[in-house]
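J.: Sequence:
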Amino acid sequence: MIKSIFLSLSALFISAHGFSSDWGQTGHRVIGFVAQQHLSEVAAAAIDDLLDGESLAFASTYGDEIRSIKSYKNYDPWHYVNMPLDKRYAEVEPSEKGDVFQAIKHCLGVLQDTSTSREDKAFHLRLLVHFVGDIHQPLHVGRAEDRGGNGIKVLWFGKKSNIHRVWDSEMINGYQMSYTELAQNLPRHSEVEQEAIATTPLSQWVDESQGYAKQIYGDVEQDQRLGYAYQRIHFPTVRFRLYAAGLRLAHVLNETFATSKSKG
Numbered sequence: 001m002i003k004s005i006f007l008s009l010s011a012l013f014i015s016a017h018g019f020s021s022d023w024g025q026t027g028h029r030v031i032g033f034v035a036q037q038h039l040s041e042v043a044a045a046a047i048d049d050l051l052d053g054e055s056l057a058f059a060s061t062y063g064d065e066i067r068s069i070k071s072y073k074n075y076d077p078w079h080y081v082n083m084p085l086d087k088r089y090a091e092v093e094p095s096e097k098g099d100v101f102q103a104i105k106h107c108l109g110v111l112q113d114t115s116t117s118r119e120d121k122a123f124h125l126r127l128l129v130h131f132v133g134d135i136h137q138p139l140h141v142g143r144a145e146d147r148g149g150n151g152i153k154v155l156w157f158g159k160k161s162n163i164h165r166v167w168d169s170e171m172i173n174g175y176q177m178s179y180t181e182l183a184q185n186l187p188r189h190s191e192v193e194q195e196a197i198a199t200t201p202l203s204q205w206v207d208e209s210q211g212y213a214k215q216i217y218g219d220v221e222q223d224q225r226l227g228y229a230y231q232r233i234h235f236p237t238v239r240f241r242l243y244a245a246g247l248r249l250a251h252v253l254n255e256t257f258a259t260s261k262s263k264g
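Under my numbering, think of the first position of the sequence shown as 1, with each following residue one higher.
Among the clues, some could well be false.
What the hints assert, rightly or not - Straight-line alpha carbon distances no greater than 35 Å define the calculated DSBU-like cross-link-like pairs of lysine-lysine that follow:
1. Lys87 to Lys97
2. Lys121 to Lys160
3. Lys105 to Lys214
4. Lys153 to Lys121
5. Lys87 to Lys160
6. Lys214 to Lys97
7. Lys160 to Lys73
8. Lys70 to Lys214
9. Lys105 to Lys159
10. Lys159 to Lys121
11. Lys70 to Lys160
12. Lys73 to Lys214
13. Lys121 to Lys105
14. Lys73 to Lys153
15. Lys214 to Lys87
16. Lys97 to Lys73
17. Lys153 to Lys87
18. Lys214 to Lys153
19. Lys97 to Lys160
20. Lys87 to Lys73
21. Lys70 to Lys159
22. Lys97 to Lys70
23. Lys159 to Lys87
24. Lys73 to Lys159
25. Lys87 to Lys105
26. Lys70 to Lys87
27. Lys73 to Lys121
To be verified - The calculated label-pair distances, taken between Cβ atoms and stated as ranges, are:
28. Gly53 to Ser117: 15 to 23 Å
29. Phe235 to Asp86: 22 to 30 Å
30. Ser178 to Asp113: 32 to 40 Å
31. Arg88 to Pro236: 23 to 31 Å
32. Asp120 to Lys70: 16 to 24 Å
33. Asn74 to Glu221: 19 to 27 Å
34. Asp120 to Ser40: 19 to 27 Å
35. Gly109 to Gly211: 23 to 31 Å
36. Lys153 to Met177: 43 to 51 Å
37. Glu181 to Lys87: 35 to 43 Å
38. His106 to Lys159: 14 to 22 Å
39. Tyr175 to Asp113: 38 to 46 Å
40. Lys87 to Asp120: 16 to 24 Å
These aren't lab readings, by the way, just hints derived from the structure by calculation. Here the structure is a predicted model, which is why all the values come from computation and not from measurement. For each residue, glycine too, the CB sits at the ideal point set by N, CA and C.
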């Protein structure tokens, strides 16, 4: 319990002082917000209990907030997967240190295990919410040689940045919306389309992001100046990936907690 309180307070402190996170805090919270709207009653109740009333939006940045804590450094490789652009995930030897695909499967396994402690389930639930967001950021499925685009320097509206950061947060922050405002301005799809998006297998999430990553790499050069034109072309993709991540997060949580209840 003391450990949980300490980590929660650490998360609040880091969040308040502008800790940089993947998809940015706004993007991750959008994903959590969307997922919350699509939870089943069973999943919503189980999550509310595990997170002591925290919303998925609030929990969504936890995976980055603990990165400054030395004892959690072994989780760093869980935020991404590096792979050649001409290979699918199934064709690549998995990293022994783990990657975002393995991390999601591990977190789901912990949540489904009836012998797991409540504290461990809460910890892995917070990580799961974050990692589902990460895997939908295309450059978290990027090349190892440039660290998912971190090594590709660009000028974003005249300021030094890199293409990874542009996709993580720069485009989102450019609109200066709260996460609830951005969530209200995501794509609209029919129930049939939502179901198709939500039920896409986990293995395809990786390959989808890699497909977008190929396009991103093909559209940018070292030290390129980027601004309104780039944002206008690519922000629709950002919006769709946030939306898809939210729907899929809700789906896996609904399935997980429905299964857990039937086992209990």
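J.: With reference to the structure, classify each hint as holding or not holding.
T.: Taking the hints in turn, this is what the structure says about them:
1. Proposed proximity of Lys87 and Lys97 is supported: the alpha carbons are some 20 Å apart, at most 35 Å.
2. A C-alpha spacing of about 40 Å is found between Lys121 and Lys160, which places the hinted pair above 35 Å, so the restraint is violated.
3. Between Lys105 and Lys214 the alpha-carbon distance is near 25 Å, which keeps this suggested pair within the 35 Å criterion.
4. As the CA atoms of Lys153 and Lys121 are separated by approximately 39 Å, the hinted pair breaks the 35 Å bound.
5. For the suggested pair Lys87 and Lys160, the alpha carbons sit about 31 Å apart, so the restraint of at most 35 Å is met.
6. Straight-line distance between C-alpha atoms of Lys214 and Lys97 comes to about 24 Å, which keeps the hinted pair within the 35 Å bound.
7. For the hint pairing Lys160 with Lys73, the CA-to-CA distance comes to about 27 Å; that is within 35 Å, so the pair holds.
8. Taken as a hint, the Lys70 and Lys214 pair is honoured in the structure, with Cα atoms around 34 Å apart against an allowance of 35 Å.
9. A threshold of 35 Å between alpha carbons decides the hint, and for Lys105 with Lys159 the separation of about 38 Å lies outside it, so the pair is violated.
10. Proposed proximity of Lys159 and Lys121 is contradicted: the alpha carbons are some 42 Å apart, above 35 Å.
11. Only pairs whose Cα atoms come within 35 Å are accepted, and Lys70 paired with Lys160 is accepted, the gap being roughly 29 Å.
12. Taking the CA atoms of Lys73 and Lys214, the gap is near 29 Å; set against the 35 Å cutoff, the hint holds.
13. With a C-alpha separation of about 14 Å, the suggested pair Lys121 and Lys105 falls inside the 35 Å cut-off, and the hint holds.
14. Taking the CA atoms of Lys73 and Lys153, the gap is near 26 Å; set against the 35 Å cutoff, the hint holds.
15. Restraint check: the Cα-Cα separation between Lys214 and Lys87 comes to about 11 Å, which is no more than 35 Å; the hinted pair holds.
16. Only pairs whose Cα atoms come within 35 Å are accepted, and Lys97 paired with Lys73 is accepted, the gap being roughly 11 Å.
17. Simply put, Lys153 and Lys87 have alpha-carbon atoms about 25 Å apart, close enough for the 35 Å limit, and the pair holds.
18. With a C-alpha separation of about 17 Å, the suggested pairing of Lys214 with Lys153 holds against the 35 Å cut-off.
19. Between Lys97 and Lys160 the alpha-carbon distance is near 31 Å, which keeps this suggested pair within the 35 Å criterion.
20. Taking the CA atoms of Lys87 and Lys73, the gap is near 28 Å; set against the 35 Å cutoff, the hint holds.
21. A C-alpha spacing of about 31 Å is found between Lys70 and Lys159, which places the hinted pair at or below 35 Å, so the restraint holds.
22. Simply put, Lys97 and Lys70 have alpha-carbon atoms about 16 Å apart, close enough for the 35 Å limit, and the pair holds.
23. Simply put, Lys159 and Lys87 have alpha-carbon atoms about 34 Å apart, close enough for the 35 Å limit, and the pair holds.
24. Between the alpha carbons of Lys73 and Lys159 the distance comes to roughly 30 Å, so the proposed pair stays at or under 35 Å and holds.
25. Between Lys87 and Lys105, the direct Cα distance comes to roughly 21 Å. Compliance with the 35 Å bound is thereby established for this hinted pair.
26. For the hint linking Lys70 to Lys87, the alpha-carbon distance of about 33 Å falls within 35 Å, and the restraint holds.
27. Distance restraint check for Lys73 and Lys121: the Cα-Cα separation of roughly 19 Å lies within the 35 Å cut-off, and the hinted pair is therefore satisfied.
28. Under the hint 15 to 23 Å, the C-beta atoms of Gly53 and Ser117, about 19 Å apart, fit the expected range.
29. About 28 Å separates the C-beta atoms of Phe235 and Asp86, a value consistent with the hinted range of 22 to 30 Å.
30. Taken as a hint, the range 32 to 40 Å holds for the pair Ser178 and Asp113, whose Cβ atoms sit roughly 36 Å apart.
31. Checked against the hint of 23 to 31 Å, the C-beta distance between Arg88 and Pro236 comes to roughly 25 Å, which is consistent with it.
32. Separated by about 20 Å at the C-beta atoms, Asp120 and Lys70 satisfy the suggested range of 16 to 24 Å.
33. Restraint check, Asn74 to Glu221: a C-beta distance of roughly 35 Å breaks the suggested window 19 to 27 Å.
34. Distance hint check for Asp120 and Ser40: the Cβ-Cβ separation is about 23 Å, which falls inside the suggested range of 19 to 27 Å.
35. Gly109 and Gly211 have their C-beta atoms about 27 Å apart, which keeps the hinted 23 to 31 Å range intact.
36. Restraint check, Lys153 to Met177: a C-beta distance of roughly 27 Å breaks the suggested window 43 to 51 Å.
37. Glu181 and Lys87 have their C-beta atoms about 38 Å apart, which keeps the hinted 35 to 43 Å range intact.
38. The supplied range of 14 to 22 Å is broken by His106 and Lys159, whose beta-carbon atoms lie about 38 Å from each other.
39. For the pair Tyr175 and Asp113, the beta carbons lie near 40 Å from each other, so the given range of 38 to 46 Å is met.
40. Separation of Lys87 from Asp120 is about 34 Å and departs from the stated range, judged on CB atoms against 16 to 24 Å.
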